[in-house]
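A.B. asks: One-letter residues, chain by chain:
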Amino acid sequence: MYKKERMNEETLVKLAQEGDKEAMRVLFDDNKKKIFHMAYHYVQNVEDAEDILQETFIKTFTSLDKYSYHSGASFSTWLYRIGTNCSIDHLRKNKKGKDTYGMDNLSSIPSKNENSDPEYKSRLKEARERIEVFLSKLSARQRMIFILKHYQQLTTKEIAEYFNCTEGSIKKQLFRAVEEIKKHFKDFFTENGYEMQKI
Amino acid sequence: MRCKKSKERIIFHLYGELAESEKLELENHIKECSECSRDLEFTKKVFNVVDLSREEHVPEGNWESCWQQISARTEGKPEKKKSFIFTYKTVFAAAAMLFVFIMGVVIGKFWLPSLQKQPLMPEASVVSLDQSLKAHFEDLKPVLTEYANYSLSEGQEDTMTIERDVVETLLIQNYLLKRAMAQSNNPSMEQLLEDVDLILREISNLRQEDRPTLSLIKDTINQREILFKIEILKKL
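So the protein lines, in turn, are chains A and B.
Residue numbering for the first sequence follows my numbering, beginning at 1 and increasing consecutively.
Residue numbering for the second sequence follows my numbering, beginning at 1 and increasing consecutively.
Bear in mind the hints are in silico, worked out from the structure with no lab data behind them.
Backbone N, C-alpha and C fix where the C-beta goes; we use that ideal spot for every residue, glycine too.
It cannot be assumed that every hint is accurate.
Which chain A residues face chain B? A few, computed with CB under 8 Å, are given here [claimed, not checked]: (1) V46; (2) E50; (3) L53; (4) I58; (5) F61; (6) T62; (7) F75; (8) S136; (9) Q142; (10) T155; (11) T156; (12) N164; (13) C165; (14) F175; (15) F185.
Coverage of chain A stretches by chain B, computed from C-beta distances (three or more under 8 Å per stretch; other residues unrestricted) [unchecked claim]: (16) 25-35; (17) 121-133; (18) 143-154.
Required output: the full structure, derived from the provided sequences and hints.
C.D. replies: So this is what it looks like as C-alpha cells:
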C-alpha cells in the first residue's frame with residue numbers, strides 16, 4: 001500500500017477510476033469507519049451494518065466513472081450519499097419481514113464512558129429502550145435524518161445536500177422527529193420534578 | 001413570537017443553527033413565557049439522553065472480510081472510461097441533435113417564411129407568455145389537487161397516480177416560465193412560480209411511503225393557497 005496512503009483523495013479517486021485496487025483499498029480504509037458507524041446506528045446490528053458498508057463501496061467503485069472531482073461534491077460527500085441511500089434501501093427491504101429492527105439491542109450494549117452507579121445504569125438502559133422504540137416508529141427517511149443529525153452530528157444543510165432537497169424540508173422532518181421523541185420521554189424526568197405541559 | 005414558532009426554534013437553537021436575530025427573539029420570548037422556558041429545559045434533557053446513548057461502544061466491523069467481498073464484486077471494475085465517441089449516450093445525443101437539425105430545416109423551409117411576411121405584433125411575446133402560463137396552470141392543477149387532497153391516514157395504501165416524468169416535465173416548464181417572468185414586472189406571478197418550483201422539487205424527490213414529506217407538500221399547497229392563486233391569476 002506504500003505511498004498511496006499519503007496521497008490526497010483526489011489522486012486516489014483518479015487512480016481508482018482507472019481500476020487501481022490499492023487506491024480503492026486506501027479509500028476504503030479511510031472511510032470505512034465513518035460509513036460503518038452511520039450504518040450501525042441506523043440498523044443497530046453489526047451484520048447488517050457490514051452488509052451496508054459492502055454495498056456502499058461496491059456501488060461507489062462500480063460507478064466511479066460517473067464521479068467527477070470538479071462536480072462540486074467531495075468524494076466523501078458522494079460516498080456518504082450512497083451510504084445513506086444504501087442504509088435506507090436496506091432498512092426498507094428488511095422491514096418487510098420484521099416488525100422491529102435492532103437485533104443487537106441498543107439498550108444491552110455497554111457505553112464507553114458509562115457511570116458505574118446502578119441507578120444511573122438502569123436509567124440509561126431505559127432511555128436507550130425508549131430511543132429504540134422511537135426510532136422503530138419513524139419512516140426510513142426520517143430515521144436516517146435523525147441519525148445523521150444526532151449521531152453523525154451533521155448540519156441541516158449537509159443533510160439536505162445528501163438528500164438533494166431543501167433545508168426547509170429537513171428542518172420540518174427533524175422538528176417532527178424531535179416532537180415525537182419528546183413524547184416518548186414525557187414521563188421520564190418526572191421524578192426530577194419536571195412535568196411537560198401542553199403548549 | 002408565538003409559542004408554536006418558539007417550539008421549533010428551541011430545537012434549532014440547541015443544534016446551534018439559529019441566526020443571531022432569531023436567537024435573540026427566542027431568548028426574549030422564553031424570558032416571558034414559562035411554558036416555552038420549560039420546553040427548552042425538557043428538550044435539553046432529551047437531547048442530553050440521546051447524546052449519552054450515542055456514546056455507546058460501536059463494535060468494530062470485520063474489515064478484512066468486508067474488503068474481500070468488495071474486492072471480489074468489483075473485480076475488473078470500474079472499466080476505464082470508454083472513448084467518448086463510442087458510448088451509447090453519445091450516439092443517442094448525436095441522433096437527437098441530427099433530428100433537431102432536420103426538423104429545423106423543415107420548419108424553416110415550410111413554415112417560417114409565411115410568418116416573416118406578417119408584421120410582427122408588438123405584444124406578441126406577452127400574449128404568448130400569458131398563454132403559456134395559462135396552459136402551465138392547467139397542467140399543474142390536477143397534480144397539485146391530487147397532492148392537496150391526499151389522505152394521510154395510517155395504513156392506507158399509496159394511491160398517488162402521478163408519474164415522475166410528468167412532474168419533471170412540469171418542473172422544466174415552470175423553470176422556463178420563471179426565467180421568462182423574471183424580465184416582466186409581476187412579483188405575485190414570480191412568487192407563485194417560485195412556490196410551485198419548491199413543491200414540484202419536493203414531489204420529484206419524494207420516495208414511497210414518505211408520509212412526512214407528503215404532509216409537507218400538502219401543507220405547503222394549502223397554506224400558500226397555491227390552487228386559489230392559480231385560479232385568480234389565470235383569470236387576470
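A.B. asks: Evaluate each hint against the coordinates.
C.D. replies: Comparing the hints with the structure gives:
Satisfaction of the interface hint for V46 of chain A is found here, the shortest Cβ-Cβ separation to chain B being roughly 5 Å, below the 8 Å cut-off. Because the smallest distance between the Cβ of E50 of chain A and any Cβ of chain B comes to about 5 Å, under 8 Å, the interface hint for this residue holds. Contact between L53 of chain A and chain B, as hinted, is supported at the beta carbon level, the nearest pair being about 6 Å apart and thus within 8 Å. Interface hint status for I58 of chain A: upheld, as the beta-carbon distance to the closest one in chain B is roughly 5 Å, under 8 Å.
Satisfaction of the interface hint for F61 of chain A is found here, the shortest Cβ-Cβ separation to chain B being roughly 4 Å, below the 8 Å cut-off. Given hint, T62 of chain A at the interface with chain B, holds; its Cβ is 5 Å from that chain's nearest Cβ, closer than 8 Å. Violation of the interface hint for F75 of chain A is found here, the shortest Cβ-Cβ separation to chain B being roughly 14 Å, above the 8 Å cut-off. Taking 8 Å as the C-beta contact cut-off toward chain B, the hint placing S136 of chain A at the interface is violated, the least distance being around 14 Å.
For the restraint placing Q142 of chain A at the interface with chain B, the shortest Cβ-Cβ distance is roughly 6 Å, inside the 8 Å limit, so the hint holds. With a least beta-carbon distance of about 7 Å to chain B, the hint placing T155 of chain A at the interface is held under the 8 Å criterion. With a cut of 8 Å, the hint placing T156 of chain A at the interface with chain B holds, because the nearest CB-to-CB distance is about 6 Å. Given the 8 Å rule on beta carbons, the hint for N164 of chain A holds: about 6 Å separates it from the nearest Cβ of chain B.
Because the beta carbon of C165 of chain A sits about 5 Å from the nearest beta carbon in chain B, less than 8 Å, this interface hint is met. A distance limit of 8 Å between C-beta atoms decides the matter here; for F175 of chain A the minimum to chain B is near 5 Å, and the interface restraint holds. At a threshold of 8 Å, the smallest CB-CB gap from F185 of chain A to chain B is about 5 Å, leaving the interface hint in force. Coverage of the segment 25-35 of chain A by chain B holds. Counting CB-CB distances below 8 Å, 4 residues qualify, and the rule asks for three or more.
Counting residues of the segment 121-133 of chain A whose beta-carbon sits less than 8 Å from any beta-carbon of chain B gives 4, enough to reach three: the coverage restraint holds. Coverage of the segment 143-154 of chain A by chain B holds in this model, with 3 residues showing a Cβ closer than 8 Å to a Cβ of that chain against a need of three.
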